[in-house]
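Colleague: One letter stands for each residue in the lines below.
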Amino acid sequence: QVQLQESGPGLVKPSETLSLTCTVSGGSISSSSYYWNWIRQPPGKGLEWIGYISYSGNTNYNPSLKSRVTLSLDTSKNQFSLNLTSVTAADTAVYYCAREERFYYYMDVWGKGTTVTVSS
Amino acid sequence: DIVMTQSPLSLPVTPGEPASISCRSSQSLLHTNGYYYLDWYLQRPGQSPQLLIYLSSNRASGVPDRFSGSGSGTNFTLKISRVEAEDVGIYFCMQALQTPLTFGGGTKVEIK
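Sequence lines, in order, name chains A and B. For the record, in the first sequence the residue sitting at position 61 is 61 according to the numbering used here, with numbers rising by one throughout. Numbers in the numbering used here are just positions in the second sequence, counted from 1, shifted up by 1000.
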């Protein structure tokens, strides 16, 4: 059974870079059947898609965040990562990683989420 | 971007009774392959979202058959035939037709 686990600092200072990693267990991140996504949820609010990275390293970002987001893949560690630069308080959220089936585009496996607070 | 609108915002339900949630998209979610790219997710309190329904009407693995999805074009519905206590949480629809993927604002289901 595939599981995803987010990790990274819970507190980031304004203007700095938020860096999170999602570790995939029980399956290979190199599978051509899936995209690997990041989604976030600000406190008390809805879900916002950040972007995905494919098994080959192709990326697709939400235009609202594109100038600040970079996703990367580390197949040797079965991990993928999110970097979000120049953060502000508006980036405070629970960040989820999720696996997306690449033909019908549904997210069938989610991590538990990690809370990131942007504050000095 | 495709805008997703859910109603109602809040839905008090009685166990054993049916419930229905509506989701509307700002444009048709029909793919050229004939499928509607609309998914439903449930986020139980303190948990991450879980997939309930994909392609408008297909139940995900392990999802009870009291959950059903329907709809076409820009109008979609999630129905629970008989609500159980474990069904409480926030239900989100999501369009997967084009990026950026976008979610509805959520419908909070709670027991009366």
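For the record, the hints were derived by calculation from the structure and aren't laboratory data. In this text, a Cβ means the ideal position worked out from N, Cα and C, and glycines have one as well. Among the hints, a few may not be true.
Unchecked claim - Far from chain B, some chain A residues (derived; all Cβ distances over 10 Å): (1) Arg68; (2) Thr92; (3) Thr117.
Unchecked claim - Below are the DSS-like pairs computed for lysine-lysine, each with C-alpha atoms no more than 30 Å apart in a straight line: (4) A:Lys13 x B:Lys1079; (5) B:Lys1079 x A:Lys45; (6) A:Lys45 x B:Lys1108; (7) A:Lys13 x A:Lys66; (8) A:Lys45 x B:Lys1112.
To be verified - Facing chain B, from chain A, some residues (calculated, C-beta under 7 Å): (9) Gly46; (10) Tyr55; (11) Ser56.
Colleague: Would you check the hint for Lys13 of chain A and Lys66 of chain A, treating anything up to 30 Å between C-alpha atoms as holding?
Modeller: 20 Å, holds
Colleague: Is Lys45 of chain A close enough to Lys1108 of chain B, meaning Cα to Cα at most 30 Å?
Modeller: Since the Cα atoms of Lys45 of chain A and Lys1108 of chain B sit roughly 12 Å apart, the hinted pair holds (cutoff 30 Å).
Colleague: Quickly compare the C-alpha distance for Lys45 of chain A and Lys1112 of chain B to 30 Å and report which way the hint goes.
Modeller: Judged against 30 Å, a Cα distance of about 23 Å means the pair holds.
Colleague: Test the statement that Thr117 of chain A is away from the interface with chain B: the closest C-beta pair must be farther apart than 10 Å.
Modeller: 18 Å, holds
Colleague: Would the non-interface assignment of Arg68 of chain A survive a Cβ cutoff of 10 Å against chain B?
Modeller: Holds, because the least Cβ-Cβ distance between Arg68 of chain A and chain B comes to about 14 Å, which exceeds 10 Å.
Colleague: Given the hint that Lys13 of chain A pairs with Lys1079 of chain B, does the C-alpha gap stay at or below 30 Å?
Modeller: At roughly 43 Å apart (the allowed maximum being 30 Å), Lys1079 of chain B and Lys13 of chain A break the hint.
Colleague: Compute the least Cβ-Cβ separation between Thr92 of chain A and chain B, then decide whether it is above 10 Å.
Modeller: 18 Å, holds
Colleague: Measuring from the C-beta of Ser56 of chain A to each C-beta in chain B, is the shortest one below 7 Å?
Modeller: 17 Å, violated
Colleague: Can we keep the Tyr55 of chain A interface hint, with Cβ of chain B closer than 7 Å?
Modeller: Hint violated; Tyr55 of chain A Cβ to chain B Cβ min 17 Å, cut 7 Å.
Colleague: Quickly compare the C-alpha distance for Lys1079 of chain B and Lys45 of chain A to 30 Å and report which way the hint goes.
Modeller: 23 Å, holds
Colleague: At a threshold of 7 Å, is the proposed contact between Gly46 of chain A and chain B supported by beta-carbon distances?
Modeller: OK, holds: Gly46 of chain A within 7 Å of chain B, min 5 Å.
Checked against the numbered hints given earlier, the structure breaks hints 4, 10 and 11 and satisfies all the rest.
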